[in-house]
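Just so you know, the sequences run in chain order A and B. Residues 1 to 245 (full-length UniProt numbering) are what the first sequence spells out, left to right. Residues 1 to 286 (full-length UniProt numbering) are what the second sequence spells out, left to right.
In case anyone wonders, no lab produced these hints; they're calculated from the structure. Backbone N, C-alpha and C define an ideal beta-carbon position, used for all residues, glycine too.
Covered by chain A, according to a simulated footprint, are these stretches of chain B (three or more residues, beta-carbon under 8 Å):
1. 14 to 26
2. 180 to 188
3. 224 to 232
4. 245 to 255
5. 261 to 268
Pairs of lysine to any residue residues, derived as SDA-like cross-links and limited to a Cα-Cα distance of at most 25 Å, are as follows:
6. Lys26(B) <-> Gln90(A)
7. Lys213(A) <-> Tyr93(A)
8. Lys213(A) <-> Gly184(A)
9. Lys213(A) <-> Lys26(B)
10. Lys122(A) <-> Glu242(A)
11. Lys198(A) <-> Asn208(B)
12. Lys166(B) <-> Phe62(A)
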Amino acid sequence: MKEFPEISPMGERAILINFGENYSPEKLRKLLFYKDLLENKLVKEKVEVINTYNSILISYMFTIEDVYSEISSLKSLFDEANIPKNFNSQIFYVPVCYDEEFGPDLKLILDEKDLEIEEIIKLHTAPVYQVYFIGFLPGFLYLGGLDEKLQISRKKTPRKSVEKGSVGIGEKQTGIYPKSSPGGWQILGKCPVELFDKNEDPPTPFSAGDKIKFFSVSREEFFEIEEEVKRGNYKLKSENYEGGD
Amino acid sequence: MKGEIEVLQPGLFSSIQDLGRFGFQKYGVPQSGVMDRYAMRICNLILGNAQDTSVMEITFQGPQLKFSASTAICISGADLSASLNDSPVEQNKVINISAGDTLRFGARKAGFRAYIGILGGFRSEELMGSQSWYEGLTTDFRLKKGMKLSFGSKDLQEKDTHSHLKIDEEYLGSDIIEAYPGPEFERLSKEQQDKLFSTSFKTDKNSNRMAVQIEEDLENDLDPITTGPVVPGTVQLTPSGKLIILMKDCQTTGGYPRILQLSEKAQQVLSQKMPGEKINFRKLDY
Chain A
1 MKEFPEISPM
11 GERAILINFG
21 ENYSPEKLRK
31 LLFYKDLLEN
41 KLVKEKVEVI
51 NTYNSILISY
61 MFTIEDVYSE
71 ISSLKSLFDE
81 ANIPKNFNSQ
91 IFYVPVCYDE
101 EFGPDLKLIL
111 DEKDLEIEEI
121 IKLHTAPVYQ
131 VYFIGFLPGF
141 LYLGGLDEKL
151 QISRKKTPRK
161 SVEKGSVGIG
171 EKQTGIYPKS
181 SPGGWQILGK
191 CPVELFDKNE
201 DPPTPFSAGD
211 KIKFFSVSRE
221 EFFEIEEEVK
231 RGNYKLKSEN
241 YEGGD
Chain B
1 MKGEIEVLQP
11 GLFSSIQDLG
21 RFGFQKYGVP
31 QSGVMDRYAM
41 RICNLILGNA
51 QDTSVMEITF
61 QGPQLKFSAS
71 TAICISGADL
81 SASLNDSPVE
91 QNKVINISAG
101 DTLRFGARKA
111 GFRAYIGILG
121 GFRSEELMGS
131 QSWYEGLTTD
141 FRLKKGMKLS
151 FGSKDLQEKD
161 THSHLKIDEE
171 YLGSDIIEAY
181 PGPEFERLSK
191 EQQDKLFSTS
201 FKTDKNSNRM
211 AVQIEEDLEN
221 DLDPITTGPV
231 VPGTVQLTPS
241 GKLIILMKDC
251 QTTGGYPRIL
261 QLSEKAQQVL
271 SQKMPGEKIN
281 FRKLDY
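Throw the hints in and build the complete structure from the sequences for me.
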């Protein structure tokens with residue numbers, strides 16, 4: 001039986017810390033606690049720490065000189081740490097327009113799930129989604145918490161281009177395309193908000209550990225928000241999140 | 001005073017690169033940066049630049065560049081028969097440039113990617129702490145005909161302090177790709193592991209700064225993994241048996257088993273391989 005977290009080199013410029021196969025919001029909290037610890041301990045300019053569902057990766061700008069002493073100092077850092085019970089995070093309220101114009105796969109989802117559009121919207125807007133991490137594309141959020149009733153297979157042949165802002169579902173995942181790109185998810189709506197702005201620091205308002213709740217907007221509201229976004233006047237509503245998982 | 005370079009011909013794929021973006025992977029932004037760090041280091045050393053000074057990375061067919069002001073440059077990495085005003089110039093040496101000079105490239109003699117370093121570096125858009133071009137993020141992602149690039153002015157130090165510099169160019173012809181076992185290496189059977197290190201693989205034409213693909217498949221029945229971190233040099237194995245070697249512009253996370261992790265040297269060797277060239281993985285242990 002392996003002991004977790006398992007710390008091992010990944011090439012000559014990275015160290016991978018694996019927390020076992022499964023993932024959950026509780027495990028994410030533990031990961032993020034360790035991630036903070038590492039960020040504070042290591043010299044930031046030369047090192048970057050990221051997390052995924054069940055791993056932390058420390059990447060170094062240059063070759064690690066003595067990987068074993070580095071790993072053993074990480075181990076003692078982890079051994080001495082006390083994981084706090086409380087963890088503060090932000091919840092963001094993200095507008096989505098579930099109009100057929102923006103959701104080219106809505107019909108298919110309705111047919112396959114034998115649901116009314118109102119039920120789909122209710123099922124998709126009810127959960128508080130967990131942001132596990134950002135990856136794949138700049139600003140792409142890996143979200144957990146999709147209702148089982150909305151789990152659906154991906155498109156057999158991915159679309160050549162999914163429009164920026166499109167909100168999709170596929171298997172256990174849901175998410176928003178931060179820019180136009182090829183994609184295999186079933187698209188049920190569109191979000192008018194910029195999820196990634198390269199000229200902002202940070203370029204995205206979200207970080208691993210945050211929560212997201214979608215709310216439904218009409219076509220008219222969609223275009224109003226889009227206008228405000230263009231003028232730089234739109235700010236996502238957010239607040240401290242203290243609820244359970 | 002600053003000078004300009006006019007792009008008369010862009011070449012196959014040329015871009016401005018440095019050591020890459022650091023601190024933005026958490027937003028899903030790739031590292032980018034030069035494919036061959038060694039060649040970049042040599043260029044900058046010879047010119048007396050700081051080691052993180054931006055360079056131009058050129059691929060296989062070099063560009064044609066016209067300089068508006070005097071400066072000094074250095075060409076390292078692949079040998080693509082560079083010439084200045086039609087006279088051949090040497091690799092890994094300071095090349096003095098006068099206003100109006102034109103730099104051209106010709107037939108490939110060795111390697112695949114060459115680097116042009118310039119005194120003081122290129123002056124170009126800096127985004128998220130780096131000048132590295134990356135499609136979809138920076139304003140430009142490849143050189144285009146008619147484009148103008150700026151460079152600063154800096155005096156070349158009179159004495160040549162690097163005349164004793166020993167430059168290793170053997171890697172340009174090497175086909176040995178050293179690799180450590182990746183996080184999912186142990187999921188391969190003994191036969192698959194052996195096959196990986198005893199087969200001569202060929203790089204596929206479907207390769208770029210994001211990934212080098214391999215022509216031959218490695219049959220497997222590995223399950224996908226929970227999406228996890230990947231870095232340049234990670235070798236992924238797809239369910240259909242495709243080997244994908246991630247390079248500097250790769251995504252930050254991936255869901256295919258990570259069976260190998262290339263050494264830094266191996267990434268340098270691989271970035272100098274033409275599509276269709278043979279490579280042999282050699283196992284390294286930590």
